[in-house]
Each structure stands twice: as structure tokens, then as C-alpha cells.
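Protein chains in written order, with the numbering used here: chain A, 1 to 427; chain B, 1001 to 1375.
Any given hint could be a false lead.
[To be verified] Derived contacts from chain B toward chain A, CB cut-off under 7 Å, selection only:
#1 E1192
#2 S1338
#3 G1340
#4 S1344
#5 L1357
[Said to hold, decoys possible] Listed next, the stretches of chain A that the computed footprint assigns to chain B, with coverage defined by at least 3 CB atoms under 8 Å from CB atoms of chain B:
#6 8-14
#7 96-103
#8 132-141
[As the list claims (entries may be wrong)] Each pair of labels, with its calculated beta carbon distance range:
#9 I70(A) to G1340(B): 54 to 64 Å
#10 T356(A) to R1274(B): 31 to 41 Å
#11 L1273(B) to V278(A): 27 to 37 Å
#12 L1013(B) to K23(A): 53 to 63 Å
#13 E143(A) to P1187(B): 57 to 67 Å
#14 L1013(B) to Q25(A): 29 to 39 Å
#15 L42(A) to L1150(B): 43 to 53 Å
I should point out that these hints are in silico values taken from the structure, not numbers from a laboratory.
If you're wondering where the values come from, they're calculated on a predicted model, not measured in any experiment.
All C-beta atoms, glycine included, are put in the ideal place defined by N, C-alpha and C.
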Amino acid sequence: MSELGILFSFIPLSGLAFFRGEKPQAALLWCAVIVAVIANALLLYPHLQEPQWWLPYTTFLAVVLFDGAIKKKLKPLHIIAALFVGQALLTKDIASIIILLIFSDALFSAERISNLELESFLISLTSLLPTTIGVLLGLTDSELIYCVAASIVLRLSSWPFLNLAVYLEDNRDRFLTCMSLISIFVLWRTQSIQDSDLWAVIWMAMACILSIGARPVELLGFLSLGLFSISPVWGILGTSFWALSLYQGKNIYLLAILMAASGAFVAGDLPKTLIPEVAIALAALFGILFARTFVNLKEVKTNWVIEVVGVFIALTVGVSEFLLHPELEVSLDTASAVLSGSFVVFYVIGKILQKTKPRLFKPMKSMGRLALPRFKRVSARQSEVIEQAMSGKVTVISARFFNALDSEASIIVLLGILGLLLFGRLP
Amino acid sequence: MRIKFPIVLIGMLILFSASIALGEVSRVPWLVVCGLSFIGIFIFDTENAITKNIANSTLFLTVFGLVLKSILEPSVEYFWRDVAGAVFLIALGFEQNSESWDGHILLRSMLTPAVLFFILVMGQSLPALPAEATLICSLAGIFLLALLELFSMLRKQGDVQTTAFMSATRSATSSIVSLFYCATFLPNLIHEAPFINIQLLVPVMGVCLAMLGFFLRKSRERYILFCSGWSLFILWTALSFEQNRIFAGIGGAVAGAWSTVIVSRAPIRGNDLRYIFLKISGWGIPGSILFTFILLGLLPSTNMNLRIGSVIWLLGFFIYWSGLVGNADSDRSTPEQSWGWRQSIALALTIASTALLSEPGMLARAMSVWWGGGK
């Protein structure tokens, strides 16, 4: 069976056209789940001797089952969508991965399709557009990596468009955020990265820039990509974040520790790309920005059993990785120590200051997001304006675009990107 | 109505069987594609517009017969003659099914492009014309057929009242004509400059068409643009000269005709996901038969023109899909339809077709074996 064999699950789904009753529909949906599971199993079997393939898949499966057990009601459509992501985890071809992710996103948002509200589908497609264009143009190596990186930023960050996870999920349900973490891992692992040091810096810088308005989980995603760029083995260790990102109870503190640790590890790689003094200065800045994000994070009341299971999955991944790869070494640098130190110091200061100056730690909500185009909602008046503009009578300036640009956060982001480009040119 | 349905169906089957019996072996796959497209249109005609009156039934049967006959023709001149007849009847069908309208007749009447098509067909047979001019006439004719419906959009009122089956008939005719012509009669001149650049020109036209949607408010109007764009997409696959892409185009031609007739003007009933999905499947969203053929048609290629063309088409479809964001403005004057067996079959087909993507190579091989006798 090919990498896209899971698409056979659409055959039982087609039976939904003939039945309206709850029971027959459920039977068909579960049939589709079984087909998807078989497709996953057939693709997993050849990889049984390769832990770098089966370990992330097992972690993913644990996360899905864990989430399903907590919610006590497994929705078949969501399980099929998750199994599509699972199939993507076992797939090597980037074109197949794009197709699997599109279908997964479509299935996740299927329940939200009401009255032709298809914004979620458009968000998904927008995020995958750069990679799709890269594949269609036949780009390879670094050019394709840039395209994949653009897709990852669009999938994970909430800027310039709201990402699918934020669009679909409610505050307490982080399952989709977890899925977007997995999907970016899927996209990034297929790339044979040549400038791995540079990419580690880029992902870390991206995490810092977006820490202004992004959520901690999104930063974790970027940091895990940084880890993967340094070494795929470390990247697979980063998959332990998946289970911890599901529920934000007491384990947010564990997440903070892991984030500081992975940040420190990536910072240890900075001197390979940057001048040591610059690397240390940046590590300090990164520490402050990461601490700022975590200071603001509120703990959600959660059952301790849920916390323990999440930690158990993360620990199992970590221990398995160390057992399977005994050659793993932790090499830290001055920059690592500076990042960890500044993170801890500013986290403590932040917690104290938060009571008197809470505004300092609030994430910027108006990140100058661009709304997706809504060509359909052109009102009669707008049509007239466009017609006048076409005839040269009026000059139409897209107010939405400038609104997005003039916000403070957007200027910071643009400056950050400029800085990022300059970093790449430093010795 | 109950009597008309089997009568028209038997009529179609007789025409189809006769063409299979009379045709050469190499033409049989094309006849089957044509039969599948038109019989599909008839079966999925949820508005029952084909059997509504004798005029519609006769027009539909005659167009079907003419397209079948054009496939059987041995020479390109006879082929275009039959197609011109079909185009004229399609234009007549549009006028027959549209509501009263006003405006300048020359630009807004569907008969104008039909007359232009006749002129182009006659032009091709002039012995003094060089081969380049003949090819230009043929390509212009195909473009005109693909964009035929745009003329109806220029009307001041009653602009988009045409029933879905006429759009589907035009779509099927245009797709089959372009695919068959490119596979059978297209001269080698097309591989030389400047004609080879048509591989880029067609996607650019498709995107321009999609961008026209910026200025349209009714979803039905934008759907007309989508159907015209789909015909251009099929033409592009035919001009790719890559076997797998041409097979995708052939599948897309049948799927496009079916989808066009499935997307009726009836408003969506409540929150029934089946209605919603069936309605939007005609726009080629994931999980629909059109999406399957879009992916198969945009396969990566070694030809740079086709690679760029694929990206342009992707952007074009993205623009169409962007138009779906927001609330639907279905035509409220059309009565709601009840869910029937036709809708069930259409929905099941469109969802099940996604499985075709799982083994695209196998599909291409199967079609290749089937097409073995053809060109």
C-alpha cells in the first residue's frame, strides 16, 4: 500500500450519503477508522527497526489515546483526522505529506462547516501554500527548505493569519495545538538541512520575535525545530513536548523548565554561527523574552491524574530516546548558561513585578493580524468604489493592510525579520 | 415527467450504443468518456430541467448525438462542423432556458459566440490560409467554447437564471472537444514557438477569470467563472502532452460535468452537512471528486512551463476558494429541494473518489491499458 493508502478510508465514509440515522452513521465512521488504522499499521511495519520513525508515531498515538480517554467520548471524525497526521508522521514524500495534512485539517474542521463558512479550510490551505508551490516548481534543497519554513511559520504562529488550531479550538482544548506541533515536525523532518546551525538560530530568533504575542506552546514548537536542526535525535526528544502541551495545569512549570533547557541547548550552538559576544548577548535577550511569556501564563485547574499521565508520556519518550541513542551528549556553552540564568532571574523578577506592573507581561493581542480575503462580501458600495478606482477617479488604498502595518507589534516583527536577515550575514 | 425520464434515457443509450457499434476501436474510449459525461448530467439533473419540456429533451439529445458524431469523424473539417452544430444548439439551449433579459443583443446574446464559432470553423476550411492561421482559428474556437457562458453574465437582468444542466452540457462539450482535438487532430506546430507558450497563457487566463470574481456578488455568477476556468484547466491538461496529466484531464472532464449539474441553485436546507458538502463539492474542496482531479492534474512535471502553469492554477483555485469564505447568497427564489437518490449517489461518488488519490499510478496505468488502442 502506498503512503496515501489511508485515503481508502473515504470509501466507507461515502456511505454516509445514504444514511441519516445515528447508528448507521457511527458504524460507517468506525469502519473508516479501522481502514485508517490498518493503513497506519502497514506503513509502520517497515519502520519497526528505525526508532526515529516509530518513536514519534508512538508518542503521537499515546497523545491521541490520552486525550480520548480524558474526554471520555472519542469522535470518530477526529480520530480519522488524527490518523491522517499519524500517516504523515510515517511518510517520507513531502507531496504526500501535504495531501495528508490538507485532509487532516479538512476533517478537523468538517464539523464547523456551516452555511459555507470555509475559513478554516482556507487557513489550512494558506499555511501549506508555500510548500505546495515549492513542490510544484520542483524546488530542492535550500529553496524547498525556505518554502517549508514559511509553511511552518504560518501553521504555528498566529501572525499574519490566525492559525487553524487557534481558529478551531476553545481555550481548554489544546488538542489541535498539539496536532499543529506534530504537523510542523512532520514537515521539517523531511528536509535534509545543510545549514543546520543557521537554521537553529533562525528558529530560535523566530521564537523570540513571536514571543511578543504568541502562546508558550507555539514557542515550544519553534524551539523543538531548533533542536531538530542541531540533531534529529534531539529533535525526536522534543516530541515529548506534545503530551505536555495538551493540558496546562501544574505541568506549565515543567514546560517552562523544558523550554529553558531546550533554549539553552540551542543557545549552545549559537557561537558556531555568530560572534561569541553577540551569541551571549542574544542568549540573554532570548532568556528575558521566554521568561516574559511564561510569567504571563496562567495555570488551569486540572485533575492531577491528567498531569501525571502527560508527564509519564513525556518521560517515557525522553528515557526511550536516551536508551536507544546512548551516544547522546549534552554539551553546554557560556551562551547556554546565560540563557538559563537570565530565564530564571527574569522569571522570578517577573513574578514579583507582575503584581505591580502586569502590563509588562501581557502578550500583545493585536499582532496586526491580516484577515483572510473575503471576496464574497463585497457590498454594493464597495463595488462602486472599486469601479471608480478602475476608471481612475479614486485611488483605493487597502485600509486593512495599513491597519495591520501601523500596529506597534507588526513593526517589531518586521524589525525582527530584518535583524534575522542581518544575523545570517554575520561571521 | 415519469415517462419522459426513461424515454430520454433510452434515447441516450441508443445513440451511445450506435456510436460504439459504428466507431473505430481507437475512438471507443472517447465515446465512453462522452457517454459517461452526458449520462451523468442526465442522472444528476436534480432540477429535472432536461425532462421539463420537449425542447430541452430534444436539445440535450441532439447535442449529445452531435458530440458523439464529432468523435467518430475521420477528418478535422467534419469534426469542427459537428462541434459547430453542437455549439449552436448549446447557445440556443441557454436562450431557451434563460429568463427575459435586456441589453445590447450583440454582446449579451449567447448566439453571438455561436456565430463567431461558426465563422472560425468556416475560416479553417479556407485553402489559402497558412497552417498557423488554421491552428489559431481552432484554438480560438476552443477558447470561445470554454468562455461561452460569460456572455450571459453581461446581461442587465436575468443574467444567471440558466439551469445547471445547460452549464454542465457546455462544460462537457468543451472538455471533450478540447481533449479529443488535442489528442487526435492537433498539428505538430503546437510544439514550436510561439504556440508552445499556450501552456502558460491558459493558466494565466484561468487566474484572470478567477480574479474577475472580485467584482461579482452572486455565488452563481462566480460559479459560472469557475466552470469556465475548469474548462480551461482541462484544455491545459490536454496541451501538457504528458500522459498522466491528460488522463487526469479526461477524469476531470467527466467529474466537472457531473459536479456542475450537482451544484443546483437551490438554497441550503438548515444545517444538514450533506447538503452543505454536496453544494460546496462543486468548487473542488478537499474530499470532492474535483479536488481529486485537481491534484492529479497538478502533478509535478519536468517541463518548466507546466511547473509554472501548475503554480498559477493553484493560485487560481485558491482565489475561487477564497470566495467561498463568508455566507452563501443562494438564490432564494428557487424552491428548496428534498434529498433524493440522485443527491445520495452524487455525494457518495464525490467522497469515494478521494480514494483514487491513494494509488494515482495505478489509475494512470489502468487508463493507459484502456486507452491502448487510442492515440
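Hints versus structure:
Here the hint on E1192(B) is broken, as its CB sits about 24 Å from the closest CB of chain A, past 7 Å. Because the smallest distance between the Cβ of S1338(B) and any Cβ of chain A comes to about 13 Å, over 7 Å, the interface hint for this residue is violated. Checking G1340(B) against chain A: minimum C-beta separation of about 11 Å lies over 7 Å; hint violated. This hint holds: S1344(B) has a C-beta 5 Å from the nearest C-beta of chain A, less than the 7 Å allowed.
Hint status for L1357(B): holds, given a least beta-carbon distance of 5 Å to chain A, under 7 Å. Using a Cβ-Cβ cut-off of 8 Å, 5 residues of the region 8-14 of chain A lie near chain B, which meets the minimum of three, so the contact claim holds. Three residues within the 8 Å Cβ limit are the bar, and the region 96-103 of chain A against chain B gives 3, so the coverage statement holds. Given a C-beta distance limit of less than 8 Å, the hint that chain B covers the region 132-141 of chain A holds, as 6 residues qualify and 3 suffice.
For I70(A) paired with G1340(B), a C-beta distance near 42 Å fails the hint of 54 to 64 Å. At roughly 57 Å, the beta-carbon separation of T356(A) and R1274(B) lies outside the given 31 to 41 Å, and the hint is violated. The hint said 27 to 37 Å for the Cβ distance between L1273(B) and V278(A), and at roughly 55 Å that hint is violated. The supplied range of 53 to 63 Å is broken by L1013(B) and K23(A), whose beta-carbon atoms lie about 39 Å from each other.
A beta carbon spacing of about 37 Å between E143(A) and P1187(B) contradicts the range 57 to 67 Å that was offered as a hint. For L1013(B) paired with Q25(A), a C-beta distance near 35 Å keeps the hint of 29 to 39 Å intact. Between L42(A) and L1150(B), the C-beta spacing of about 48 Å keeps the proposed range 43 to 53 Å intact.
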